[in-house]
Each structure stands twice: as structure tokens, then as C-alpha cells.
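Visitor: Could you put the whole structure together from the sequences, leaning on the hints where they help?
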Amino acid sequence: MAFIIEMLNIVKDFPGIRANDDVTLQVEKGSIHALLGENGAGKSTLMSILFGLYSPDGGSIRIRGETVRISDPNVANELGIGMVHQHFKLVHNFTVTENIILGLEPKKGPVLDIKSAAVKVAELSKLYGLDVDPFAKIEDISVSMQQRVEILKMLYRDAEILIFDEPTAVLTPQEIHELMGIMRRLVEEGKTILLITHKLKEIKAVADTCTVLRRGKLIGTVPVAETSEASMAEMMVGREVSFSVDKGPAHPGKVVLEVKDLCVKNAKGLLGVKNLSLSVREGEILGLCGIDGNGQTELIQALTGLAPIESGSVTVQGVDITDLPVKQRLDSGLGHIPEDRHRHGLVLDFRLDENMVIHSYGSEPFSRHGILDYGAIRKNADRLIEEFDVRSGRGPDTKARSMSGGNQQKAILAREIDRSPIAFVIAQPTRGLDVGAIEYIHKRIVAERDKGKAILLASLELDEILDVSDRIAVIYGGEIVGVVDADKTDENELGLMMSGSVRKAG
Amino acid sequence: MANKKLGDTRKGDALLVPVVAVLLGFAVGSVVVMITGKSPLVMFNAMLQGLTGLNVARGSFNPRYIGELVIQAMPIILTALCFGFAARTGLFNIGAEGQLMVGSLAATTVALLVRAPAFIHIPLVLGAGMVAGALWGAIPGYLKARFNVHEVVVTIMLNYVALHMNNLMILNVFGSVDRVKTAQFPQSALLKDPWLESITNGSRLNWGFVPVLIAIVVYWFVIEKTTFGYGLRAVGYNKDAAKYAGMKVNRNIVLSMMIAGAFAGLAGAVITTGTFSFGRALSAAEGYGFDGMAVALVGSNQAVGILLAGLLFGMLKAAGPLMQSNGIPKEIGGIIQASIVLFVAMKYGLERLISVLRLRRDKASALPVTGEEAGV
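Same order as they appear, the protein sequences are chains A and B.
Position 273 of the first sequence, counting from 1, maps to 273 under this note's numbering, and the rest follow consecutively.
Position 218 of the second sequence, counting from 1, maps to 724 under this note's numbering, and the rest follow consecutively.
The set of hints was computed from the structure by calculation and includes no laboratory data.
Predicted model, so just to flag it, every value in this text is computed and none were measured.
Where hints are given, some of them may not hold.
Said to hold, decoys possible - Simulated crosslink set (SDA-like; lysine to any residue; CA at most 25 Å straight-line):
#1 A:K379 with B:W726
#2 A:K201 with A:S228
#3 A:K89 with A:E150
#4 A:K29 with A:S277
#5 A:K399 with B:V810
#6 B:K731 with A:K29
#7 A:K247 with A:G30
#8 B:K749 with A:Q328
#9 B:K749 with A:L271
#10 A:K201 with A:G30
#11 A:K217 with B:V862
#12 B:K745 with A:S360
#13 B:K754 with A:L324
#14 A:K204 with A:L496
#15 A:K399 with B:V716
To be verified - Now the in silico label distances, taken between C-beta atoms and shown as ranges:
#16 A:E189 with B:R867: 26 to 32 Å
#17 B:R867 with A:L8: 29 to 35 Å
#18 A:P249 with B:I860: 57 to 63 Å
#19 A:E78 with B:M663: 49 to 55 Å
#20 B:K836 with A:P15: 39 to 45 Å
We put the beta carbon where it would ideally sit given N, CA and C, even for glycine.
Guide: Given below as C-alpha cells:
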């Protein structure tokens, strides 16, 4: 058994936290090795150490049996280590070839020799079945093609060890399937792949071995073929996890939230949402699914008053809220769990109790005649912390910034559910959360549905959409391309609609 | 010590950085004094005298120094409140200087043109200064809220406008006799009081400290206790979250700049009718704005912090002449002041240094035990 990478007893300290605590990772040559762990488990830190972005405080690294010191990414490159980052690092108005040769441009005399580079790129693309046009401009090709350009970039530099950092986050199910094929092809050609992910399904589908980290510590390394998803999840979280959402059938009533012919401009000044109509009835969860960047953010911000509406209308229980400011929308019964909890959901430097009254601080009992009543604010926080099991270092006194993502999200959920809105817009409620918190949040969302609330749930996680929703609306290019019943559809159909290749009226 | 790590915070750490910064500042000052060949003890004696009026070396007491310290501290505390208030709303108000000058101009106008008994005249003078400062602050606030023009650019420009407007008015409208100052204000407009001067052995101490103390309390109350202050802090920390929660972000920005301006305008009125008794034409800005920024920084924009930091910087200024009379260059005060600001700005470095030192101390106290066990 030849290990190509050996990271032995790695220790890495950051102020206040030990990100890696005696972690050992051994990767066999020619295998796909998954690195599994919740957010903050130390996966990225470990990979950053391997790639030379951080230097470890303890432990040693051996590549192909030789002890090495990887002081910066150039050393990693020379050792044949390449990384496909979660956020691509491409120049958008350059061609594929120009991007790939960036940094080691081939020259014919003093002149750049693009032609021979393009030939090499085309050859590599063919060898690994990547199907990339060397002369296409980055801005003209799809996200999954851009990812392949990143892969080609590494292959062009003769990388033998390829690190994929959460590569499927931006892909449709079909594209994920294709990526897995590419990964297998790479391994057949003798490459070694390190796959960072928290998605068990993908590990099961493609990886040979899986190393699990939890809170910076090594939990174990297991052969994937002999390990079930459930037991890997247990290793990751530290307890048994239920995967399915426990919910009864929906009893939808009359329409509560209605969107008609909505047009919203995006940050570029183009129409991000085009003539979009949808309606959500009381007692049902309408899932909104789509690939990131297809108008979800614009739609949600327009509904909740954070972005101006070009044309069309939004009504809540028959009341037109199209032109109302945020405060009056909220007063009309709209609730909003924002997709970015740090940017919109919380004031991170406020204490938890202050964050809990961010909408209602101006009204009784939290203030009287413009003077805050910290006693009432504290009591309110204590009640919500208790009811929603929000855990933090110092209870209501904790700064929101120092809380974990799951508890931050629980705090937002508590605050918004407590407002008891009739129409509830929920965006990415479980992004980046661990399995336990996801379980809890899904339960609360379904409970709200059962209380008769109309819920619009936008998520990039297809599993979440399928598990929690009653009906599913698919958004593509700012338009709803189909509405289907959750129990009559599957990943495949949704995936095709998400990529715009199939339309279906609901 | 098992679970101690870098970055562990303890209660009172918020206070620790400014205190350490001040100590380091004095250390730098001492080193510089030693380089000039004098004893730092002379410097500290001068400072103690500036602070308490006591001359330890000679065993004498002169309350005049206390008065001068307060006089120096008053305007920079107010400009610090000005900077701090805007900063709590996420605005970088460099315009305290200009807001102070229009405040002083408005105070001059009311002092010269209004005839009224003192108990009406003085509040009118102070109120005029505050209103003028508030309006001057409203300009960058409005431009920021409406057109997203950066307040730093606008306030810097407005400082010049204020300076030249002040000079134009003083010299031409009020008919300055000596091309430097206006006529004397009537007694009813003045914060000066012979009694205060006499108990402090002829210092320039005046009733200006009363509105300053009130301003500190108002600052604390508005920011910490009111819904308005809650909204301002929310906007300051996270504009997007404030918007999401339905707050009127733009209105808060304008109001915050106006209140900040009012603090600086008050400083202008206090200087004009307390320290002086006439409107003055200025050749250049006097630096109250920048001193205020430094005070706010050292006081971490907290009411009590600003009061203490203001007194400290007032002391450094007041001790200048004393040091000079003892053969120590008075610029040392400025050097100490600058070093303190520098060390406070190095907040993260200091925090790290403190926690490293703690870790080491904890380790050191654990070592002898293991040493004994090993038989060393």
C-alpha cells in the first residue's frame, strides 16, 4: 500500500480555537479519498495546510514518502498538488486557454504562443472526457464548464493530487453525475483525488475511502463500500441522525401569498425576475428550487421589500404590499428568514437579547416612550432561548457573533416564528448547518405549516426541497418553469427543469 | 490551565487595551525624555502637577492647574462625543472641526446681537451653537443618505468652508476692530465667572463644564437606553440587517450626523463664550476635531471612556507648559498622545500580546510542579 499523501498528527491553532487537533490523513495513490465533516470541523483548514496556505503548528507532511515543508502554494504546485476552489478563480473575459496558461505562458521568442497551449488543452480535455472548447470565453460557458476549466488548469500543470473543495455545491444533479464520471476517469489515469464535502450521498457514489473529522479531531477513516450512509453521518455528528422529515399530508386552504407578473432588476440592472407568478396557500409549503443565481435572491428580496419591484404585484391575504416599505410589509403578516443570516438576519455585534427584538424594539413591552425596557427584552430572550433551545455561551448576554451557525439560525427562527406571520418567506434555512440543527429546523417549519401558515421555502439543497415541501416551483432564468407536487417528482425531473431543458405547468 | 487557549477573553478586557495603550504611551514618552538627557521623573512630576495641582518636588499646591486641565479637556470631550456618536452609527465624521466652527460662529452671533439676562442669554448662545453644528452635520448626512456620497469627503471639504465662512463673517459682518476678533461679548452671554477663576487661583475655568457633563450623560442615555439609539447602533453595526428589520436607515444616518454636529457645535459655543469672550478669526483649524477623534478612539466611543480619555489628553496638554518650565520639551505631550493613539489602533496586536503573556504566565506557574516531579 503506497500512500501518496501522509499528513501525520497535524495540529493547527487559531486564536481561541484548535482547528486541527492531532489529525492524521493518509491517502492511497490512485484513489478517491473523501474528507467528511460538518462546517467548522476543520476540513478546510487541513486542506489549506496541504496546499500551503497555512503552516501547521505541529505534525508533519509526507508526499510520496518524502517529508516536505509546504510553505506556500507554489511549493504545493511543484509537488503536484492542485486545488479546485469552491469559488472559481477565473478571468471572465479571457478564453479557456488564456485562463489555463495564466502564470506560465508558453512563449515563442518574445511572443505568446497561444496556439500550442490550446492544442495541449484540447488534448487534455479529450483524454479526460472534459469536452471543453479551448477558445470559448469564460463568461459564455456554464458553471460546470468553468469548473472543468479549473480542473484543466491543474492537469495542465501536471498535478497528480487534485483537491476538490465542495465541488457539487454549484451544480445540478445531472452535472453532479457528470462530474463523478470525470472524477472516476481522472483516477483511472492515475490521479489521486481528495474530495471535501459534507454530502454523504456523493461520498457513497464516488469515494473509495472516507476520513471523518469532528470539531477538529480525527474520528476515523473507513472504507466507503463497507460503511453505510447512516453510520458515516453518525461519525460526523456524534449521534444517530434521522434523515427523513416527519410530516403528515398538507391541508392547504385559501391563497395567502400571491405574486403576479413580477419583474425585478438584479445587481447588473437586468431583469433578474421576469413576469413571475406564483401563489402559496395557507397550510402548505411551496418549495422554490433552482440553481444558484437564477433569480431566487431577487425574488425573495422583492417580496420582503429589500429590493424595488419593477412591475407586477405582491399581495398577502388580499392586501397589496407591492409598494410598501419593509416595516409595513412585516405588519401586514409577512415573515422573512433571510438567506444570508450574517448580512441580514442578525446584527452580529449585538447581544442575543437585542437581536431578538430587532423588529419589535420600538413597541411595548420592549420600550415605552422611546426608552428601552431591558427587563422585558431580557425576559423575551429567555423565553425564546428556552422554547427553541438556542445554545450560547452566556445566554441572552452572548454576542451573536460568537454563536455557532446552527444556534444563530435557531435564534432567527425563534424570533420570526414568534412574530407569528401568516405568510412566511424562508430562504436557505439550513445552509451550512450540521445535521442535527437541520433536523430541528425542518421540524419547526413543518409545525408552522400545520398551524396554517403559508410558507415559501427557497433552497439550493434539492433534498431539503424534496423532503420539506408540499409543492415545488422550479425557477430558471428568473422564470418559473414548472410547478410540481413534491411526492410526484424526483431529483431527475427537477434537475432537468432546473437546467431549463424541460418545462412543466403545475 | 488545561483549556486555556489564545484568544480567551475575560471580563474587563474591553478596558484592558486602552489602559495598556496608555501605559505604553507613557513608556515611549519616558524613553524620549531620557534620550533628551532628562529624568522621566521630572516629566511625571509635571504631569501629576497638571492633574492634581500638587508639586511633589516642592510640596506646593496650585489649583490653577486643575482649572486649566478642565479647560483643555472640555472641547475635546465634546468633539469626541461628536465623532463617537457618528461612529456608533457607522459613520466616519471628520467634520467635528467645521461643525465646531459654525457652532462658534452662531454663538458669536447670538452673543453679540441678542440682549437678554444671563439665564436666557447663555442657553440661547449654547443652543445656537448646537443648532448650527447640527445643520452643518446634516449636509454630509443628507448627501450620504440620498446620494451615497462618502461623508469623509464632504466633511473634509466642509471644514474648509466653515473656516473661511467664519473668518469672512467675523472680519466683515461683525466689523472686527483689529482684524482678529470681534468686539467683547456682553457679560450676560459669558460662561466665565470670577468666582470660579478665583477658587482656581486665576485659571480660565468657567461654567462650560456643566453643559459638557450634561452632554456626556445625554450621549450615554441616547445610545444605550433609547429605541432611537438602538436603531442607530443597529445601522452602525449592520446596515443590511437594519433594513431587513424595517428600520429607516437613511433617516437614522441624517439624524446621527445632526446630533454629532450638535455636540461639536456646543464645543464651539463653550470655547467662544467660556475660554474667550469674543468671536475670533482663525488662520487655520485648531485641531479640536482631530484631538476629538483620538479621544473617542482611546475611549472606545463609550461615554465614560470618552470622559476619561478626554481628561487624560487634557492633562497632557495642560502639563505642556509645566514640562517646558522644567526643561522638558512640551512636544513630549504630543508624542505621548500620538503613541497612545497608535497603540490603541494596534488593538488586535495588543490583545494577542496580552493573551500570549497570559498563556506564558499560566505555563510558568504550572512548571515548578512538573519540575519537582521530575526531580530537577
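Visitor: Does the Cβ distance between B:K836 and A:P15 fall inside 39 to 45 Å?
Guide: 41 Å, holds
Visitor: Quickly compare the C-alpha distance for B:K745 and A:S360 to 25 Å and report which way the hint goes.
Guide: 17 Å, holds
Visitor: Check whether the Cα positions of A:K217 and B:V862 lie no farther apart than 25 Å.
Guide: Roughly 24 Å between the alpha carbons, so the hint for A:K217 and B:V862 holds.
Visitor: Verify the proposed pairing of B:K754 with A:L324, using a straight-line Cα cut of 25 Å.
Guide: 13 Å, holds
Visitor: For A:K379 and B:W726, compute the direct alpha-carbon distance and say whether it is at most 25 Å.
Guide: It holds: about 23 Å lies between the C-alpha atoms, which stays within 25 Å.
Visitor: Below or equal to 25 Å on CA atoms is what counts here, so check A:K201 against A:G30.
Guide: Distance of about 21 Å is within 25 Å: holds.
Visitor: Using the C-beta atoms of B:R867 and A:L8, is the stated range 29 to 35 Å upheld?
Guide: 32 Å, holds
Visitor: Quick check: does the Cβ-Cβ distance between A:E78 and B:M663 fall within 49 to 55 Å?
Guide: Between A:E78 and B:M663, where Cβ atoms are some 53 Å apart, the hint holds.
Visitor: Does the alpha-carbon distance linking A:K89 and A:E150 stay inside the 25 Å limit?
Guide: Holds: A:K89 and A:E150 sit about 8 Å apart, inside 25 Å.
Visitor: For the pair we were handed, A:K247 and A:G30, check the Cα-Cα distance against 25 Å.
Guide: Violated, at about 44 Å.
Visitor: Please work out if A:K29 and A:S277 have their alpha carbons no farther apart than 25 Å.
Guide: The hint is violated at about 52 Å.
Visitor: Could you check the hint for me, namely that A:E189 and B:R867 are 26 to 32 Å apart, CB to CB?
Guide: This hint is violated: roughly 56 Å between Cβ atoms.
Figure legend: structure checked against the earlier numbered hints; hints not met, in rising order: 4, 6, 7, 15 and 16.
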